[in-house]
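Enquirer: Single-letter residue listing:
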Amino acid sequence: MAVLRGRAWVFGDNIDTDLIYHGKYLPLTDPSEMAKHAMEYVPGMEDFSKRVKPGDIVVAGRNFGSGSSREHAVLCLKYLGISGVIAESISRIYYRNAINNGFLVLECPGISKKVKTGDEIEVEPETGRIRNLSTGEEFQANPISGLEKEIMEKGGLIEYIQSLIER
Amino acid sequence: MGMTFAEKILAKKAGLLKVKPGDVVTVEPDRALSHDNAAAIIKLFKSIGLEKVWNPKKIVIVLDHAVPAPTDKHADNHKQIRRFVAEQGIEYFYDVNSDGGVCHQVFCEEGFALPGHVIVGSDSHTCTYGAFGAFATGIGRSEMAGVWALGEIWFRVPESIKIDLEGVFPEGVYAKDLILRIIGDLGADGADYKSVEFSGSAIRNMSISERMTLCNMVIEMGAKNGFIEPDEKTLSYIEDIAKSEFEVIKPDEDASYERILRYNLSKLEPLIAKPHNIDNVSPVKDLEGVKIDQALIGTCTNGRLDDLKIAASILKGNKVAKGVRLIVIPASWKVYKEAIKERIIEILIESGAIIAPPGCGPCMGNHLGVLASGEVCISTANRNFKGRMGNPESQIYLASPATVAASALKGVITDPREVL
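Taken in sequence, the protein lines are chains R and L.
Residues in the first sequence are numbered from 0 upward in steps of one, following the numbering used here.
Residues in the second sequence are numbered from 2 upward in steps of one, following the numbering used here.
Possibly wrong hints are sitting among the right ones.
[To be verified] Within a straight-line C-alpha distance of at most 27 Å, the following computed DSS-like cross-link-like pairs (lysine-lysine) qualify:
# : chain 1 : residue 1 : chain 2 : residue 2
1 : R       : K113      : R       : K153
2 : R       : K23       : L       : K74
3 : R       : K23       : L       : K80
4 : L       : K21       : R       : K148
[Claimed, not checked] Residues from chain R shown here face chain L by an in silico Cβ test under 8 Å; the list is partial:
#  : residue
5  : G66
6  : S67
7  : S88
8  : N100
9  : T116
10 : L146
No wet-lab data here; the hints were simulated from the structure.
Since the structure is predicted, the reported quantities are computational estimates derived from the model, not experimental observations.
Glycine is no exception: its CB is placed at the ideal position from the N, C-alpha and C atoms.
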C-alpha cells in the first residue's frame, strides 16, 4: 500500500455520521454531489469541501464516525479526494465501512493534539508510522494487515468478493 | 478459562473449540436484515455479478425508514425492493402495510430474534436482538451485499464488558434511564468494538421490552453487540412465534471480562441526554423548565405497548401544553392495533397527540415531524446528534416515555415524578 502525504485537517471528538454526512443528503447518489456535503454540519467547517485539496488527510479525536451504518459518511470523504482518516479512535461500523470501501482509516492515540490543521503529514499504512513533517514528530498507529489489507488492496469488499468468485 | 457469550457463539458458528478476543473468524449468519437501504444493497449485490442471493429464507426486509414514501425518490427505491424480493423469492418481506413497522420491532415480533443466532442487519440498532440471547450487530451496505452474495461475514472476536444489575426501579425510573446512566458513565465510545453482557437479578425482573431498550442502545456507547441470557420470559415470548430452530448459548461462569460494572437500580433517578451527544447525561430535575416545541414518543428504542401505556397513564384526562406538538409513533402495526384495542390511542388523541404510522420518520429527519430552526424536541429515541431530526439548528433531548409525556404536558422539561 502506497505511502500517503498530505495536509491535515484537524477535527475534535465525536464527529458522528450526521456531522460527516447529513441524513437529508442520503438520496444523493452522484459522487461529486455527495462530496460537496462532506463535513458540512461540523461547526466552522461548513465550506470544508471547497477548501480541501485531493490528498488531504482528516485527523480527528475520539469516536470518529459514531452513529449510523450509512456508508455515505465514508464515501463523501473518499469522493472528495481525502486520502484517509487518522483518529484517536474510530467507531466500529465506520471502521468496517471504510475498509470495505477501500478508504484508509487508522487509529492513533494522541494524534489530534499533536497535529494542527495545515501541517503536512506522511502515513505508512502497512507499518502504521505517521510523521508530522511540519514538526518532525513521529507517531505509531495500528497498521493495516491481514484480511483488512487484502480488502483494501482490491479497492473494497465488493471488488474483493468479485476476485474470490472469479478465482 | 471459560468463554464469554461472544467468544462462545463465534467459536461455535466458526466451527472452532476456542477463540479469544482479537481472533478473526468467518461465520454464516442465521438471518440478515435490511430496511429501505435494501435498494442500495441490491445495486451493490448486482455489481458483484451474481444472479441469486445465498439463501432467500435467511434474508428479512422491512420497509420502515421513509414509509409511506415521502418523495418520488423513496417511492422508486421501494419499488425496486419489491421487484427484487419477487425475483429472488424472499418470503420475509414486510411492506408498507399493516403487518410491518419499525424493522427492529417487527423482527422481534415475527420471531426472527432468537437465542444463539448470529444476526446481521444493515442498521446500527440491530444490536437490539441481544435481548433474546442472539449475537446481533449492525453492518454497512457493502457488507450486507457480501452476505447476500456469499452467506458469510468476518468478525473480530470482541472483548467483553459485563454489567451486573440489581435492585428495583424507583417510581418514575425506567430502563431508558438506566441505559442513559450507563452510557453517561462509560462514554459514547466506552464500549467501542466490545460485547456488552447484562446480567444480575434486576435483568431477570425486566420485561422483554425493557431488555430491548437496553440492548437497542449499546451501539450508542460503541458496542458491537449487547447480550441478555435467555430465561423463561424469553422462551415464553418466542414459544409460538419462533421462525426457526434455536439453541440457548450462555457465557461460561468462569469467563474473563475486560471490565465488570455494577449498578443498583434503586439508586437511579430520571435522566436526560442533552444536545448533541448521547453521553451528555444529566438528571431531569436539573433541566426542568427548558421550553420544548415538540415531543416524540416512539422509535425502535421506546415505541412499544408498555411505552405508550406509560405515556397514556400520564396524559389521561389532560391536554398537551399549548404550543407543543406531541407525536406518537407506535413501533409496529401490531403495537398500534393493541394500543387501539386497549384504548391507549384514544387517550393519547384526546390529550392532543398526533399518531403517525409506524416507521422511523422524524427520528432520523426523514418526514412526519422534522424540526424547524431553533426548535427543541424531547424524544424517546436513541440519538441526539446535531441535525439528527432534520435540522442542525434544532436541539434534541432524549429521555424515557414518562419524562417525554410529562414534558409534553407541561410544555417544559419535567421530572415525571411530579405528575405520576
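Enquirer: Against this structure, judge whether each hint is valid.
Expert: Each hint tested on the structure:
1. R:K113 with R:K153: With Cα atoms ~32 Å apart, K113 of chain R and K153 of chain R exceed 27 Å; violated.
2. R:K23 with L:K74: holds (12 Å)
3. R:K23 with L:K80: Roughly 21 Å between the alpha carbons, so the hint for K23 of chain R and K80 of chain L holds.
4. L:K21 with R:K148: OK: K21 of chain L and K148 of chain R at ~21 Å, within 27 Å.
5. G66: holds (6 Å)
6. S67: holds (6 Å)
7. S88: holds (6 Å)
8. N100: Where the cut-off is 8 Å and the nearest Cβ of chain L is about 6 Å from N100 of chain R, the hint holds.
9. T116: violated (21 Å)
10. L146: Because about 6 Å separates L146 of chain R from the closest Cβ in chain L, which is inside the 8 Å limit, the hint holds.
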